[in-house]
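Protein chains: 2
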Amino acid sequence: MQVVLVDRNNYHLFQPLLYQVATAGLEPEEIAKPARSILRGQKNADFRLVEVTRVDFVGRRLETSDGPISYDYLVLAPGGETNFFGLESMQRYGLGLKDIPDAIAIRNQVLTCFEKAMLETDPEQRRSLLTFIVVGGGPTGVEMAGALSELIRLVLVKDYPRLNIKDVRILLLEATDTLLPALPERLREAAGKTLWRKWVELRFGATVADYDGKQARLKSGEVIPAHTVIWAAGVRAAPLSAALGLKPARQGRIPVERTLQVPGHPEVFIIGDAAYLEQDGDPLPMVAPVAIQMGEAVAQNIMRQLRDRPLVPFRYKDQGTLATIGRNAAVAHVYGLKLSGFPAWVMWLVVHIIQLIGFRNKLFVLINWAWDYFFYERAARLITRD
Amino acid sequence: MQVVLVDRNNYHLFQPLLYQVATAGLEPEEIAKPARSILRGQKNADFRLVEVTRVDFVGRRLETSDGPISYDYLVLAPGGETNFFGLESMQRYGLGLKDIPDAIAIRNQVLTCFEKAMLETDPEQRRSLLTFIVVGGGPTGVEMAGALSELIRLVLVKDYPRLNIKDVRILLLEATDTLLPALPERLREAAGKTLWRKWVELRFGATVADYDGKQARLKSGEVIPAHTVIWAAGVRAAPLSAALGLKPARQGRIPVERTLQVPGHPEVFIIGDAAYLEQDGDPLPMVAPVAIQMGEAVAQNIMRQLRDRPLVPFRYKDQGTLATIGRNAAVAHVYGLKLSGFPAWVMWLVVHIIQLIGFRNKLFVLINWAWDYFFYERAARLITRD
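Those sequence lines, one after another, are chains U and V. The first sequence begins at 1 in the working numbering and counts up one residue at a time. The second sequence begins at 387 in the working numbering and counts up one residue at a time.
Just chain U, with the same shape it has in the complex:
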């Protein structure tokens, strides 16, 4: 049996820590691992750095930028991308957070705004440079707003002694009336309170209607001058799904059988953000644990198919939700346990260190975290020009 991994990036990215690269806490190389180094131990696995353009389901061929690849079994895991919901002005001026260049762009933008603010004599302009809007109250938005607040209030204040911290605003806009909807009421409240304590202005029922790079206009008519908007309000399946010629469901996701097979193509599987599957009446969320469990399930189902055994339907085991809001502060709903504050934060640390691929990445991330924790310092405060 020969396994070919095809990707347009040469590395695997641990997305849950991407917001820490965006806030200068980690370096991109620490949360990414080259695909070839992951596959090194597996003699029957090969890697190709190509872009997939189409799938010929009848001829069982994957069309790529480097010609076709024939397959017996195909597992599609194209992942997700930022969903701007057709809001063109946001697509243009807003900053998404789905890959390394996104994270570096946010880091450059935040630091550049501070540098420009130092040179700005007009107080209105300066405040607008120092206003940071995060859109979306899910885990990404909450973690981003918390990390941004700590970057500014614990680290950057030391870099900019002439900065008036009262000029800084961080807003977290959420369209519904709740943060972190996957969590129980008590933890949602705790998360909200912690964000307030970190000077993040929480705004519920707030939807951005338009953004021109200088001002965000809300649906309510309110206008907020801000040079930076970070968009964490939605994901959708990567555009590959469109090239498959299969009819997508919500968010561009492709409906799959319970066995994760594509209907009518038992040798093709879809996993991760791009797969649309309902469980207990709700679509499975587009999060890493679902994707990881699907990957394991498909591997086993392909083994079963090879041995002519019946496939087993996939069932997502929700192990809980974790979100960190800053030092000593997190919320965790894990195996029925509801934790907030320091214990949740410790659990968050442990879980994320364990999940990072490679001992070296674990070590470097741990050192960086310890550094930040004890010295209130983030080293990656570089503005990298192109």
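Hints were generated in silico from the structure; no laboratory data involved. The beta-carbon is built from N, C-alpha and C at its ideal position, and this holds for glycine as well. Keep in mind that a hint or two might mislead.
Claimed, not checked - Below, in silico cross-link-like pairs of lysine to aspartate or glutamate (EDC-like), each with a Cα-Cα straight-line distance of 20 Å or less:
| id | chain 1 | residue 1 | chain 2 | residue 2 |
| --- | --- | --- | --- | --- |
| 1 | V | K502 | U | E51 |
| 2 | U | K43 | V | E501 |
| 3 | V | K703 | U | E63 |
| 4 | V | K502 | U | D46 |
| 5 | U | K116 | V | E449 |
| 6 | V | K502 | U | E377 |
| 7 | V | K429 | U | E377 |
| 8 | V | K748 | U | E51 |
| 9 | U | K116 | V | E437 |
| 10 | V | K502 | U | D66 |
What the hints assert, rightly or not - Cβ-Cβ distance ranges computed for the label pairs, FRET-style:
| id | chain 1 | residue 1 | chain 2 | residue 2 | range |
| --- | --- | --- | --- | --- | --- |
| 11 | V | G722 | U | Q42 | 51 to 61 Å |
| 12 | V | P634 | U | V351 | 18 to 28 Å |
| 13 | V | G599 | U | D66 | 18 to 28 Å |
| 14 | U | K317 | V | F761 | 43 to 53 Å |
| 15 | U | Y335 | V | N714 | 15 to 25 Å |
| 16 | V | Q601 | U | D66 | 36 to 46 Å |
| 17 | V | F760 | U | Q355 | 18 to 28 Å |
| 18 | U | E267 | V | R603 | 43 to 53 Å |
| 19 | U | F57 | V | P509 | 52 to 62 Å |
As the list claims (entries may be wrong) - Which bits of chain U does chain V cover? Going by a derived footprint, with three or more residues having C-beta under 8 Å, they are:
| id | segment |
| --- | --- |
| 20 | 9-22 |
| 21 | 27-34 |
| 22 | 72-86 |
| 23 | 356-367 |
| 24 | 379-385 |
Position chain V relative to chain U; hints supplied.
Relative to chain U, chain V alone:
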């Protein structure tokens, strides 16, 4: 007294280790430190992220992208940039190595060539993808060629099990008939031998006449098919020197008095690569130790000027030359001592760790080096798309 540091980058870069970023051994954040964090302890120092456009020597004003800054004393240290000597095709297709984006571009290029080579069926094309030309036999070229050879022969071979290492060529082209001209004969010989042992093809009297991104044509008429040419054959003063309205000497450098003052402008000093000063009949080399010593000398001369004392002429104390060629291999000519092999390599390590700014950077670089040394592994093998 108020000191304003003006730079178009927000960080100080330790250039001597840039080639290790280019060969995936270090991460850019480890050899750069934010200017504001360096200046944090100094209450009378301020930083501005601006681009200098012109100097009004009569009005004593620095013109910048953010308006003018008046000065009593001005120290110009614009540094150097890659000198392609008017070879337009090289400027277009060759890769320089003077700043972080340069280093990342080389890293991306080398790794991408390997990925493409794995997909290439034509053997000529494949060999051309795996041929890497380094131009220039100074310290940068020698260190680059050595590090590239070790990256490929010790690390990448494990990533590409189907790679035929005989398809890989690394050439080091030098126009004169000697490497590392600053070193004594014996050490030059040792450096050359070490490079040969690392499978680097040394070519003396070799000058590139033209390069189209696929083939390098030498002055001799010889044509070498190669997808990658790294240009380490020259530096010149940064273009700011041209904007000063002062008549430059060789390599765009501005002639200064022995006190490092600009003739006719006793309140203006030029230091580093951009300053042209002869000592014992030769121009001072464009290297970091000269720049560092000039910086210290100018600081003291300004203090003397403020106290109405006579200025002291600058004299460069050459502490020697160090160049590493790979693990356990370096050449060192320091304080009259001539070392090669392991002792020189240890000295190189110690000197470079000491010179890195900041304990954190020292620690991270040390861990990375230890990792590479013991596990033959370089973690930063990422191809980062824009």
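The hints, checked one at a time:
1. For the suggested pair K502(V) and E51(U), the alpha carbons sit about 12 Å apart, so the restraint of at most 20 Å is met.
2. For the hint pairing K43(U) with E501(V), the CA-to-CA distance comes to about 18 Å; that is within 20 Å, so the pair holds.
3. For the hint pairing K703(V) with E63(U), the CA-to-CA distance comes to about 63 Å; that exceeds 20 Å, so the pair is violated.
4. With a CA separation close to 14 Å, the supplied pair K502(V) and D46(U) stays within the 20 Å bound.
5. Proposed proximity of K116(U) and E449(V) is supported: the alpha carbons are some 17 Å apart, at most 20 Å.
6. Of the supplied pair hints, the one linking K502(V) and E377(U) is violated, its CA atoms being roughly 40 Å apart against a limit of 20 Å.
7. A C-alpha spacing of about 19 Å is found between K429(V) and E377(U), which places the hinted pair at or below 20 Å, so the restraint holds.
8. Of the pairs offered as hints, the one joining K748(V) and E51(U) is violated, with about 39 Å between alpha carbons and a cut-off of 20 Å exceeded.
9. Taking the CA atoms of K116(U) and E437(V), the gap is about 12 Å. The hint holds against a cut of 20 Å.
10. At roughly 9 Å between alpha-carbon atoms, K502(V) and D66(U) fall within 20 Å of each other, so this suggested pair holds.
11. For G722(V) and Q42(U), the hinted distance range of 51 to 61 Å is satisfied, since their beta carbons lie about 54 Å from each other.
12. Range check, P634(V) to V351(U): about 59 Å between beta-carbon atoms, so the 18 to 28 Å window is missed.
13. Checking the proposed 18 to 28 Å range against G599(V) and D66(U) shows it holds: the Cβ atoms sit about 19 Å from each other.
14. Separated by about 35 Å at the C-beta atoms, K317(U) and F761(V) break the suggested range of 43 to 53 Å.
15. Taken as a hint, the range 15 to 25 Å is violated for the pair Y335(U) and N714(V), whose Cβ atoms sit roughly 51 Å apart.
16. For the pair Q601(V) and D66(U), the supplied restraint of 36 to 46 Å is violated, since their beta-carbon distance comes to about 23 Å.
17. For the pair F760(V) and Q355(U), the beta carbons lie near 25 Å from each other, so the given range of 18 to 28 Å is met.
18. Here the CB-CB span from E267(U) to R603(V) is close to 51 Å, well matched to the stated 43 to 53 Å.
19. Take F57(U) and P509(V): their Cβ atoms lie about 34 Å apart, and the range 52 to 62 Å is violated.
20. Counting residues of the segment 9-22 of chain U whose C-beta sits closer than 8 Å to any C-beta of chain V gives 3, which meets the bar of three, so the coverage hint holds.
21. Against chain V, the segment 27-34 of chain U contributes 7 residues with a C-beta closer than 8 Å to a partner C-beta. That satisfies the three-residue criterion, and the hint holds.
22. Against chain V, the segment 72-86 of chain U contributes 0 residues with a C-beta closer than 8 Å to a partner C-beta. That does not satisfy the three-residue criterion, and the hint is violated.
23. As drawn, the segment 356-367 of chain U meets chain V at 6 residues by the rule of a beta-carbon pair under 8 Å; at three or more, the given contact holds.
24. Three residues within the 8 Å Cβ limit are the bar, and the segment 379-385 of chain U against chain V gives 7, so the coverage statement holds.
The structure shown violates the earlier hints numbered 3, 6, 8, 12, 14, 15, 16, 19, 22.
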